[in-house]
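Colleague: Residues 329 to 584 in my numbering are what the sequence shown lists, from first letter to last.
Derived from the structure by calculation, the hints contain no laboratory data.
Be careful, since some hints might not be right.
[Unchecked claim] Pairs of lysine to aspartate or glutamate, DMTMM-like flavour, derived with a Cα cap of 25 angstroms:
hint	residue 1	residue 2
1	Lys432	Asp416
2	Lys426	Glu392
3	Lys381	Glu484
4	Lys459	Glu392
5	Lys400	Glu453
6	Lys381	Glu563
7	Lys579	Glu464
8	Lys437	Glu575
9	Lys459	Glu575
10	Lys432	Glu453
11	Lys476	Glu453
12	Lys533	Glu369
13	Lys381	Glu506
14	Lys460	Asp422
15	Lys426	Glu369
16	Lys381	Glu396
17	Lys433	Glu575
18	Lys441	Glu506
19	Lys476	Glu464
20	Lys377	Glu399
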Amino acid sequence: MKNFLSIDFESWAYPDLLEFRNLSSRERKKLDAGFVKESAEKILKILAKYDVKLTFFVLGQLYEWYPETIEKIAQAGHELGFHTYSHDILRSKDVLIKSLELSKKFLQKFHPKGFRAPNILMENEYFPILKKYGFEYDSSAYGLRSTKKVVDGILEIPVSVYGPLPIGSGYFVGLLRERIGWFYQQLNKKNLPVVAFLHSWQIVKPQKTTFPSRAYLLTHPIYLPYQRDCLPIFEYLLANFEFGKMENLLKVGKND
329 MKNFLSIDFE SWAYPDLLEF RNLSSRERKK LDAGFVKESA EKILKILAKY
379 DVKLTFFVLG QLYEWYPETI EKIAQAGHEL GFHTYSHDIL RSKDVLIKSL
429 ELSKKFLQKF HPKGFRAPNI LMENEYFPIL KKYGFEYDSS AYGLRSTKKV
479 VDGILEIPVS VYGPLPIGSG YFVGLLRERI GWFYQQLNKK NLPVVAFLHS
529 WQIVKPQKTT FPSRAYLLTH PIYLPYQRDC LPIFEYLLAN FEFGKMENLL
579 KVGKND
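Make a model of the complete structure from these sequences and hints.
Modeller: This is how it looks when you write it as structure tokens:
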């Protein structure tokens, strides 16, 4: 069965950590030190090895930093979705509109169909804004793929759950490792495709002692699963499950 694993493509300096929160674009890029380019090269090489095309949800700011890297992802045949301008938490419509306006170069170049909000936090009342900017689907909620829902012209593609567990999240991939495969198999047995995501910095780990600091981990132990190297599990999933681009769900989603 075709499943849908996507990559939230970010710099390691973007997670919502206190030490990074108020950095300027120039400061983030300096801190990134080319990690975005390095991670893209490694991830593209792995995907070519398994002959798999995925969806990358990209931050608009990264296109300003490394346009050739983002273009290379598209040229390799992968779908580009939008993940806000700079990992913006969508606390209001104004935040979303500003994020879209700041990302005009990226949007006009690639015309992404898909959107994913950081932290999987998105209000349905924002969907008319996405529609206005040309989007066709949103993947910013958890749920079962059997629930096919179109709101204001936007198809909802929820990240997979198994009971109360959001097993499609990168957090649970880091927590469960290869055991995540059992949950994927259970959904497939019910004829349900898996919709899941990993962050690029989970697949290619930054060699930075500040990612995040030990002090942060002591006060936020829930972040620990994100510290695990997910490169082996990424390859395990590619070798054992069939994956495709999320835009392919548009062919069936709106007609079901």
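Colleague: Look at each hint and say if it fits the structure.
Modeller: Each hint tested on the structure:
In summary, the hint linking Lys432 to Asp416 is supported, as the alpha carbons are separated by about 15 angstroms, within the 25 angstroms threshold. As the CA atoms of Lys426 and Glu392 are separated by approximately 16 angstroms, the hinted pair is consistent with the 25 angstroms bound. As the CA atoms of Lys381 and Glu484 are separated by approximately 21 angstroms, the hinted pair is consistent with the 25 angstroms bound. Proposed proximity of Lys459 and Glu392 is supported: the alpha carbons are some 24 angstroms apart, at most 25 angstroms.
Taking the CA atoms of Lys400 and Glu453, the gap is near 34 angstroms; set against the 25 angstroms cutoff, the hint is violated. For the suggested pair Lys381 and Glu563, the alpha carbons sit about 14 angstroms apart, so the restraint of at most 25 angstroms is met. Of the pairs offered as hints, the one joining Lys579 and Glu464 holds, with about 11 angstroms between alpha carbons and a cut-off of 25 angstroms not exceeded. For a cut-off of 25 angstroms, the pair hint linking Lys437 to Glu575 stands: about 17 angstroms separates their Cα positions.
Using a Cα cut-off of 25 angstroms, the hinted pair Lys459 and Glu575 holds, with the two alpha carbons roughly 15 angstroms apart. This hinted pair checks out: Lys432 and Glu453 have alpha carbons roughly 22 angstroms apart, not beyond 25 angstroms. Taking the CA atoms of Lys476 and Glu453, the gap is about 18 angstroms. The hint holds against a cut of 25 angstroms. Proximity of Lys533 to Glu369 is assessed by CA-CA distance (about 13 angstroms); at most 25 angstroms being required, the pair is judged to hold.
Under the criterion of a C-alpha separation no larger than 25 angstroms, the hint pairing Lys381 with Glu506 is consistent with the structure, at around 21 angstroms. Using a Cα cut-off of 25 angstroms, the hinted pair Lys460 and Asp422 holds, with the two alpha carbons roughly 14 angstroms apart. Taken as a hint, the Lys426 and Glu369 pair is broken in the structure, with Cα atoms around 30 angstroms apart against an allowance of 25 angstroms. At roughly 19 angstroms between alpha-carbon atoms, Lys381 and Glu396 fall within 25 angstroms of each other, so this suggested pair holds.
A C-alpha spacing of about 21 angstroms is found between Lys433 and Glu575, which places the hinted pair at or below 25 angstroms, so the restraint holds. Distance check on the hinted pair: Lys441 and Glu506 sit about 31 angstroms apart at the alpha-carbon level, beyond 25 angstroms; violated. Between Lys476 and Glu464 the alpha-carbon distance is near 14 angstroms, which keeps this suggested pair within the 25 angstroms criterion. Among the hinted pairs, Lys377 with Glu399 is consistent with the structure: their alpha-carbon atoms are about 20 angstroms apart, no more than 25 angstroms.
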